[in-house]
Structures are given as C-alpha cells and as structure tokens.
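Undergrad: Chains as they are written, first to last, in the working numbering: chain F, 1 to 187; chain B, 188 to 493.
All clues given are correct.
For the chain F half of the interface with chain B, some residues (derived, Cβ under 7 Å), not all of them: (1) Ala128; (2) Asp131; (3) Phe135; (4) Ala136; (5) Phe139.
Treat the hints as calculated values from the structure; they're not laboratory data. Note that the Cβ used here is the ideal one computed from N, Cα and C, for glycine as well.
Chain by chain, the residues run as shown.
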Amino acid sequence: MELWIVLAVIVIVALFVIAMYNRLVTLRQRVREAWSDIDVQLKRRYDLIPNLVATVKGYATHESTVFQNVTDARAKAIAAGQTGTPEQRAQAENVLTGALRSVFAVAENYPQLQAVQEFKDLSENLTATEDKIAFARRFYNGNVRDYNTSLQTFPTNLLAGMFGFTAEQYFELADAGERETPKVSFP
Amino acid sequence: MAAPQAHLNIYDAVAANRWRTVLLIAVFTLIVTALVYAAGEYLAPGGGVAFIPFAVAFSGFSALTSYFAGDKLVLAQSQARELAAGEEPQLRNIVETLAIGLGIQPPKIYVIEDTAPNAFATGRDPKHASIAVTRGLLQKMDRTELEGVLAHEMSHVINRDIRVMLLVTVLVGTVALLSDWMLRSMWWGRGGRSRDRGNAAALIAVIALVLAILTPIIATLIQLAVSRQREYLADASGALLTRYPQGLASALQKIAGDPEPLESANKATASLYIANPLHDDPKFFDRLFDTHPPIAERIRRLEAME
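Just chain B, same shape as in the assembly (with noise of 0.2 Å):
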C-alpha cells in the first residue's frame, strides 16, 4: 500500500456526505409533498395546494426528529444495551485506540445479546456516535479481526457516512409507511364513487396511484446505492487505519460462514450493519437490492491492498 492520502480521502467523503445530507431531505421533502398533493387532489379535486404546507411541516419535523433522535430509536430497535463501565475492557481499549487514531472522542459501546457476529455504527456526528456490536462478535472473533471491524465502523463515523445512514433508514421507513397507507385508503375509497368523477379526476387518482408505487422503490434504489460505495470506502478507511487489512479480511469471511440470522435485525436496520444480517436471498433484482456488497468481492478488494 503506497501511502494514501488519508486525510483528504476523509475530507471529501465529508463534505460528499453533507451534500448528500441536504439532497436527502430535499428528495425526502419533494416525495412527501408529491404524496399528499396527489392525495389531497383525489380526496377533494382543486384542494391539494391547501395540502402543501402541512406536507413540508411533516417532512421537516420526520428530518429534525430523525437527526436528534433517530440513533436511539434504531439502538432501542435492535435491542442493544449500553456497556458498562469495567464491561468488556478489551472492548473499551480497541475503541479507544482508534478514537485516538482518529483524533476523536470514543464513541459509546453498546452490545446486542445475539450470538450471530454483526455490528454497525450510528448517530448524527462522531461526537454523538454509537457503536453497537453482537455478543457473538466478541465470541468469535480474536482481537485483530474485533479491530479490523471495529476501525470499519468507526470510519463511518468520521465519515459522517452515519447521519446519512441515519436519516436514510428512517426517512425511508416514513415513505414507505406513508405510500402504504395511502395506497390501502385508496383501494378502499374507490368503491361507489368513481362513476361521478371526469377524466380530469382519473387522471389524477391514476397518477397517484403510480406515485404510492413508485415511491417506496425509488427510496429504496436511493439506499442501497448510497450504501454499497460507502462500505467499499469504509473497509479501505479502516485498513488504512490499523494498517492490517487481513483483520478485517478474516473477520468477514467468519460473518460470511456464520449461518445465524440476527433476531433484531429488519430491513429498515440491515443497511447499517458491517455484513447482512438477515441471510435473505433476493431472487429476482438481488443485484439491485442488495444493501451490501458481496462479501467474497469485499475480502478480496482487502486482500489486493498489500
């Protein structure tokens, strides 16, 4: 490995993360906005402007909520619970060393009580950051590869690849949550009263229609492609840092042959973790929804940076 520019690698992954912040809560903003005025205009044709404002309210209070409390919202989701102090002291002493590595303030430890080896990272900035990792990582797993995982999470968090991570997951969550309700109060009103619309009005509930359907995929497309670059960058950052890449190398191979599911993984969560955790095989678009990369072509990539 010829001696990269760590830093500058890091500096414009953070400033590629704000734009992606802001773009986020735009695409997020204008989703919504397109729902409810679809919606407004099927309800009560002429009235969806008058929808507008409240739609914008309700984004913005998803994106403020999701920015500051959204990390405890996914820890409490996964079940994880913070370590102790004098808990796990080999533990303690990886992350501290990569926080000074790193030169920033450890981030909290938290551990989820499952025996299938995974971990992820979250909050909104490193001086908010979280790491969560499995019992089963701890078992499992011997100290370089613990590190080699560990300086992978740790380079989302000085990324900032979490805060994106963050608002993805539950932003996501809220459109898909919202298509879906509204699709479903849609099936249900269309009973009697579609013969006393004009076309103008089909055309309309056509259109959102579409757009309940569309949306939900869109978002997720957004997702995973933001995801599956970041954890190339985030296994090379951590490289570079311990400046061992077989740890983290090895450490994925064992996740890889580890046949357990993660109890309190869903699919809104999968995204973060360091390696799948749900073992689901996506038949028909696996390349397209893949949150992650393949493993195989991981540990190879980390295996080329001799």
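Chain F with its partners taken away, still in its complex shape (with noise of 0.2 Å):
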C-alpha cells in the first residue's frame, strides 16, 4: 500500500517537472521565433538603404557627410548583427535610425526629390519597415518578460537553473532613439 503512494507521489512529481520543463521551452521558443521576426525586418531595412542613398545623392550633392554617415552605420549595424549581443546590436541600429533621419531631413529641402516616386515608394516601405520593427521589438521584450518571469518565479526557478535555461536579453531601441535627436546642419 505505503509502495503504492510514494509510486503516485513519484509519478505526480515527474508529471509536473516535465510539463514546467515543456512549458520553459515553449516560452524560449517563442523568444527566439519573436527574435527572427526583428532580424527580418532589420535585414529588410539594410537592403533599402543603399537604394535611398542612390536616389537622394541624386539631388543632394553637396550633403556627401551624411550619406557617409548613414553607410558606416549600416555596415557597423550589420557586423554587429553578425557578431554582436542584442545590446550592442540594439546599439548599432539605433545609430543607423538616427542617421537615416537626417537623411530624410536633408532630402525635405529638395523639393523636386519629394515629388520623385522612386523616393514616394523608398520613403513608404521605409516607414513601413521602422514600424514593423518597433512592432517586431515589441513583441520580442513581451515574449521575452514572459519567459524571464517564469526563470524568475517558484517552481519553475528551481528547473531553469538545473536544466541551463538563461534570462533572454530585452532589444531596447525606441528609447535610446528617441533620446537620439538628428544631427542635422543648414546651410
């Protein structure tokens, strides 16, 4: 009889550790697919810039320290992405965001640029792509409190540091962005 009980005590155990082990896994899981949700759009953004460097060049010529601005920091933003922590990464393409204003703030004094639809079409999906990311971002730090909270909290703590989970680092960008205002100069 007692054999019987510590049996079911046994079997009740293992039952719960296996399903706040699933459970951890899911959250991980869901953090990395979020991650690959920014990554995307971020690669997207790389591949439109060179295009919008060659279409403002065009009219603006005399701006070439901005157009160097905004091609180092999207050279720096992809090394980052390869070798990179998400912090140092985050660090990267906000300095790319930043520089990409004030390539939108030079081309707003060539008024024959704006009415360019090559510029109209780059302008709309590079509007379109910063808002993915910050959605993207976004939705990575929601999955990634999730899952941070459970390494955090009774019982699954206890399984997260025998089983190696580690806390997720959050991709903060808007932020430090907005901290970030346009170095732009007049002539």
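Put the complex together from the two separate chains, hints included.
TA: Following this line, the structure appears as structure tokens:
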C-alpha cells in the first residue's frame, strides 16, 4: 500500500516537472521566433538603404557627410548583427535610425526629390519597415518578459537552474532612439 | 496608460471565447431541438421524440458549416473582393505591421467597393482570418486612423471574437429562419383541424407557438449582449497595440459623422462591423437591440486612456 503511495507521488512529481520543462522550452522558442521577426525587418532595412542613398544623392550633391554617416552606420549595424549581443546590436541599429532620419531631413530641402515616385515608394517602404521593427521589438520584448518572469518565479526557477535555462536580453531600441536627435547641418 | 498586461487580457479573452463557442453551440442545439420537438408534437401528437435525432443532426451540420465556410459566406454576402498583390501597399503594410506586433501571420485583406467608411474581420482562427475594409475607409482615413481601425479588427482576430461572431451570425440566422418558417406553417395549418383536438394538443400548440415567437428574440438578445462588450475590449486592446488611442478615436468620429449607409450590409452581418453600418434608429428597444455601444461612449473611453 505504502509502495503505491510513494509511486503515485513520484509519478505526479515527474509529470509536474515535465510540464514545467515543456513550458520553459515553449517560452524560449517563442522568444527565438520573435527574434527572427526583428531580424527579417532589420535586414529589409539594410537592403533599402543603398537605394535611398542613391536616389537622394542624385539631387542632394553637397551632403556627402550625411550619406557617409548612413553608409557607415549600416555597415556597423550589419557587423553587430553577425557577432554582437542584442545590446550591442540595438546600439548599432539605433545609430542607423538616427543617420536615416538625417537623410530624410536633408531630403526635405529638395522639393524636386519629394515629387519623384521612386523616392515616395522608398519612403513608404522605409516608414513601414521602421513601424514593423518597432512592433516586432515590442512583441519580442513581451515574450522575453514572459520567459524571464517564469525563470525567476517559483517553482520553475528550480528547474531552470537545473536544466541550464538562462535569461534572454531585451531589445531596447525606441527609448534610446528617441534620445538621439538627428544631427543635421542646414546650409 | 500604466503598462497593462496585454498578454494576460488576451489569454483570458481567448479562454472566455472558447467557452462562449461551446455554450453557443449547446444553446443553439437546445433551441433547435425544442423547436423541432414542438413542431413534431403539433403535427403528430406523441411523435415529437422521433424528430429529435434529426434536430441534433441538423444543428451539428449547421454549426460545422458555419465554422468552416461561414467566413466565405459572410464575405460573399458583403460583396468583398480579395486584394490583389501590389494593390493598396499602405493598407497591406499596416496589416503586416500589426500582425508582427501580435505575432500572427497577416490575415487576408478584402475590399468592399462602397464609399461608406467601415470594416470587419471574420474567420475561425488567426490562421484563417480575413479583414474587409470599404473603399470609403481607405479614402477618408489618414494613416493613423486606418491603423486604429485595423488594430481594432486585429484584436477581434486574436481574441477569437471572430469565431464567436461568425457562429452567432450564422446560427442566429438559422434559428430566425426556422422559427419564421414554423410560425407560418402553424398559422397555415390551423384551419379546420383544431376542433378534433383534445386539451393536451391545444396546450402543446400554444407552447410551440410561444417557442417559435420567443426563440428568435432570445437568440438576438444573446448576440447583442455578446457583441457590445467585445467592442469595448477590442477598442482597448487595439489602442494598446498601436499605443495611440487617438487614431481610433478620430476614425470613429469620422465614421459616426458619415451619413451614408453601407449598401451590402444587412441585419445579420451588421454586428460584425466596427460601427453599425445600417444607420437605422430602433425606437422602442434601442438599448436592448443595439448591436454596438454608442460611438460617443467609445470615443470617451479611448480618450480617457492617455
């Protein structure tokens, strides 16, 4: 009789452990999927930038520093994407966002450019991509919050230590980006 | 707005809607069974029980059909056309952006060629969802307003409201049709036979009549009670998604100020839309039979969210 009780307790505990473990795996998987959403949009932005620079350059010939800045920022962001932590990457993306804003600020001084269809398409696409990055980041951070919370709360925290689940980093972009004001020199 | 727990709310709404779906199908089956039983007793006293299996089979069939094909039915009835690739890039971009924010795949987008500004969402789950907007909405709204409206619709998608509303729309339509048909056949069949009947038969006939009158009213009330609260919830979670309640508030203002009725909407599909598309003004039961909460109240709640 006692043997059965002990066995039942062991089975119940085992079931609990399996359920908690699976829950942690699911949450971590959601974080990774959300990360790939951000990644896709960031890559799309890298692809759009050379076209933007080429289009604006045709009209704004005297603004070479602005173009150099955005090209450098793009290269650094790509490099950070390959090797850096989410934190370093966010920083690099942040600089790129600032540099992009200065390109649009410069473009505003050229009315002929505003009328070009290619420029209109590019700016709609870049606006949409910026929005998508912002929403993807929010979704990612929400998933990181859920995952990290379960790592810290009882009883999953016991299991997390045992099976080597570690906290994920938030991807902070908007706050830092809003602090960064575009540096534009008007002639 | 003090960082509300978006995830929790949505999961709660999803669970509640799962229950509503089950309840809805159960109530629907019960009503249809009662109706059919009463009809059976009326036509052949003592033989009503034999009709029950048919009633259950019929309910199951209706529920399944509306679950799997109801969205097509509703879209076709609203004369909505699926957006071709490359058409309306801004609309598509906004829908894709919101889908990313919710972590779902973007729903299919439909356009209704009508100048009245309005929109609705339908489908059985986020993977089989569609959003329809009118041409008038695209013409009259700016980007933030359009985003507000679409975020409201996407909230219906993620909350599984669309499934409940789909079932309600089709099933309530079926009950209304069935009881209407029964009422007619009863009036018609009343003629010379009533004299040969005993008291019990007369009683059953009265019950059948009462049932046939009451069921569509009850069904409509269920539909209304369910749909008004969810509009507030979708407004709130839509605003949470865009972080910009003014977008939807100003869109609702514009929709309310627009006098045109939507031609392709009808009584059954009206409750799907973001704002009542019929512009009818029910006199007696206005509170009871309104499918949507008053727009002024919705705008007030959105503006209080800052």
